[in-house]
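> Chain by chain, the residues run as shown.
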Amino acid sequence: MHNVRKVKTSEQKRLEQIEASKAKAISYLEMRDSLIQKITELEYSEDTLLLCQKVINQTPETYPFWNFRRDAILALIPTYTDEDKLDWVKKELNWNKSLIMVRPKSYWCWFHRQWIVDNFVEFCDWDSEIQLCTLALDYDHRNFHCWNYRRYVAIQSNVLPVSELAFTLRKIEQNFSNYSAWHQRSYLLPKIYKEDPEGLQTAIKEDLDLVKQAFYTEPDDQSAWIYHRWLIGMTSGPNREKTILSEIEAVEELLSMEPDSKWCNLTVANLLKLLKKPREEYIHYIEKLILIDPMHKNYYQEM
Amino acid sequence: KIMSETEDQQLEGFVGDLHRDFILKKAIEKKERFEYWATQHMRVSGIYWGMTALDTLNHLSDMEDLSKVAQFVLSCQNEDGGFGGNVGLDSHLLYTLSAIQVLYMVDGVDGINLDGLVEWVASLQNDDGSFSGDKWGETDTRFSYCAVSSLSLLKRIDAINTEKAIDFILRCQNFDGAFGVNPGAESHAGQTFCCIGTLAILDATDQIDVDNLGWWLSERQVNDGGLNGRPEKLADVCYSWWVLSSLACIGKLHWIDKQKLIDWIHKCQDYETGGISDKPQNVSDIYHTCFGITGLSLLGEEGFAQVNPKYCMTNNTLAKYGL
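From first to last, the protein sequence lines stand for chains E and L. Here our numbering is used: position 175 in the first sequence is 175, and no number is missing along the way. Here our numbering is used: position 86 in the second sequence is 86, and no number is missing along the way.
What you were told as hints is all true, and nothing was included just to trick you.
Derived DEER-like restraints, expressed as beta-carbon distance ranges:
#1 L:Ala-319 to E:Tyr-80: 51 to 61 Å
#2 L:Lys-164 to E:Val-121: 20 to 30 Å
#3 E:Val-102 to L:Ser-75: 26 to 36 Å
#4 E:Val-4 to L:Gln-71: 29 to 39 Å
#5 L:Asp-110 to E:Gln-174: 53 to 63 Å
#6 E:Lys-90 to L:Asn-223: 43 to 53 Å
#7 L:Val-87 to E:Asp-209: 51 to 61 Å
The calculated SDA-like cross-link candidates involving lysine to any residue, where the alpha carbons are at most 20 Å apart (straight line), are:
#8 E:Lys-297 to L:Lys-258
#9 L:Lys-30 to E:Arg-32
#10 E:Lys-24 to L:Glu-35
#11 E:Lys-22 to L:Thr-39
#12 E:Lys-13 to L:Arg-33
#13 E:Lys-38 to E:Arg-70
#14 L:Lys-233 to E:Asn-3
#15 L:Lys-233 to E:Arg-103
#16 L:Lys-233 to E:Pro-219
A partial selection of chain L residues facing chain E, derived with a Cβ cut-off under 10 Å:
#17 Met-42
#18 Asn-182
#19 Asn-282
Worth flagging that the hints you see were computed from the coordinates, not collected in a lab. Note that the coordinates shown come from a computational prediction; the quantities given were computed from them, not determined experimentally. Think of the CB as a built atom: it goes at the ideal place given N, C-alpha and C, for glycine as much as any other residue.
The shape of chain L in the complex, shown without the other chains:
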């Protein structure tokens, strides 16, 4: 445990057990509440965030009935081969990736209609190498990452045109060395992770100027030690993942002050209810809990399972299927 004091609050270090309890509580569905229905469409991603956090804390076994989770997620695969965010919901790349990642953790990969999925993902690649999120045609570098990561996890990356996929990513690089949503879009740490993750999975990070990019990423660390997503914006815990994993993929993790970031993430914990929030003293949620914890793992905090920066999954879990 790391102990230190601030003016506001006496830190109690990292309260992993509280977070574990927070996550397990969140797994209980409260269908009578409106908030449940406002997020119902992305349940599969919620499961991914919660389980990845538990997995990184080496507490995956605390979850009951993983086979039930497998069953649920598999039932989100549609006839067109893609996965929706919940049962009966339209296929989308965002939820397809989350589904595969969860199935890895619950040993459910063999239940996937593999050919159907691969065909569906491949059909979403456009002529310019980009990917649409679904049949409606929105393109975004997030979807390039979802497609490439999905197929890589299923060892079917050959189903897409990887050269063109790389070309498209490179066209999204901006004047500052970082990447945006589409060609011409402003650099953003989240989109940058998607682009760097894609390049890293496809073994193509040598095609960019990593010094320039690494510097822009390191400049996301602001005075209080946290990381922001773009210049002149406030720090947010989720950028602890998007920025850190990008830095890790290009070998520049040491360009930020690790201890200051660790201390800042610790301050974003809720010492009463557990969970981690986007900023100190805000309401905690599963999403920020996941990325705060995976960020701390990348920073080398003791007692955490190692997380792979390309996939945002633990190496233990990836090893299950030989990755």
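So here's chain E without its partners, still in its complex pose:
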């Protein structure tokens, strides 16, 4: 269980809750036992699928019912005409979507969707799958189930990585503190520029500017800083040292406005280390870090 506040309830309220739970169990078990009967008899029918849906709606984490559903689907749906298949897939995906909206972090729900799309690919609309992901990410921009499913859809339907890169930019512009979107950029850039190392370096420089906007706006947000660290690590070529020095300058400038910024101090120290400067040159950043972030002092002392 997560995020369930402990609430003081009166004895009467507590007893009422127990009675409600008992009543819910009785009506649930009636449906469930009926479904189990049909499973035992291997009854694969539309009625069973409907009953299965009702049971799953009550207990979406009860994985054997999802398994049975898939068995029933494989037995029943291939016998339909193409028109009916299309109709059925739409309904199934709609129902799955309604479940995802109430249980956005359910592994079983998202996997079932992927399974339907895998097994009925000719009857699926990739655009609406991407749209579902966009919608779900509007509700929760950090939902990794959704990001994973979106990556899967993009690969299966040959969505151009640059188009997905543009999507991450939109998310970042909505909210700089979107670690998931920055992560997605780290996944897409090497893909896009796989055969084009020069192009990659240009893209990295552009992202260094983007990330600078982010940490200037919100210096306490770690997403941009961690991504920045990666960008520097990926920087190569004859201009590498120049780039790093210019980054040091930019962060020092921010540091002068925010002297107690952990991320500024840590980043400058890391960049100086990267240039193989002697420890005396960055030791005072480390000492500052130990003062402002004592929980991590053992790490800083080992830098």
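Fit chain L to the supplied structure of chain E, relying on the hints for placement.
Same frame as chain E, now just chain L:
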């Protein structure tokens, strides 16, 4: 006992006896309640969490009739060789691992259809080295961990392709040094534990940059002393395990502030009903009780049995079968 005061609440230190009572009460099945049926599919895991907590508190002997537990868990093994989360439920790697871990604690390992189990687990490895959770094909680094840990506990790790298993894990490493569900997936402390645990069991942690990963993990400790699972998220007791054990496996446990974390976990105890919750003042449950307690053990709290960070089982229990 560790004593300290906060504005909100006077801490009474660690109330182990209350947790023991909480766990033993939870072991009593309340089949008339809906909540029982909502979690019925993962009963075997529930037993693992409860017993591991008791084992770490050195209270395993307080549980009645361990042989009955053994009998129950063994009856969850199916014809295909895998274990379901309860009797008659489909096999899945998640519950197969929990089953083996429980059987270790109740001396029931010899009752397993070993060849059947090993064959079933091995059949779930895919060409790219990943593991599906069951025959339906969902892949996830959690399942790599379940497979590798299961077979390691049964000393049958030779049944899978360990090189490919390692390769797959390495492909799940991200720009920040940590690991996600599948290649390309965002880093998450839980998935990271599964990957690091897998590498540690297979003796392959030298294949990753532990400094980078260790730093990302240490950054999970937030201002109130608790640990979160990903950047910009709230602290949660279960990450006390996932993050700590990962740090322990790569020798960087000292990169977090242990005392602050101990104090924070203590605040997540329910001093009335016992048990530990995900955050202070939330409802406690078996899952968070388990990981709060195993986390405190790793942090060196006195009076706790030593927990092995690779397996999330006590060393006492692992020693029963020579691990």
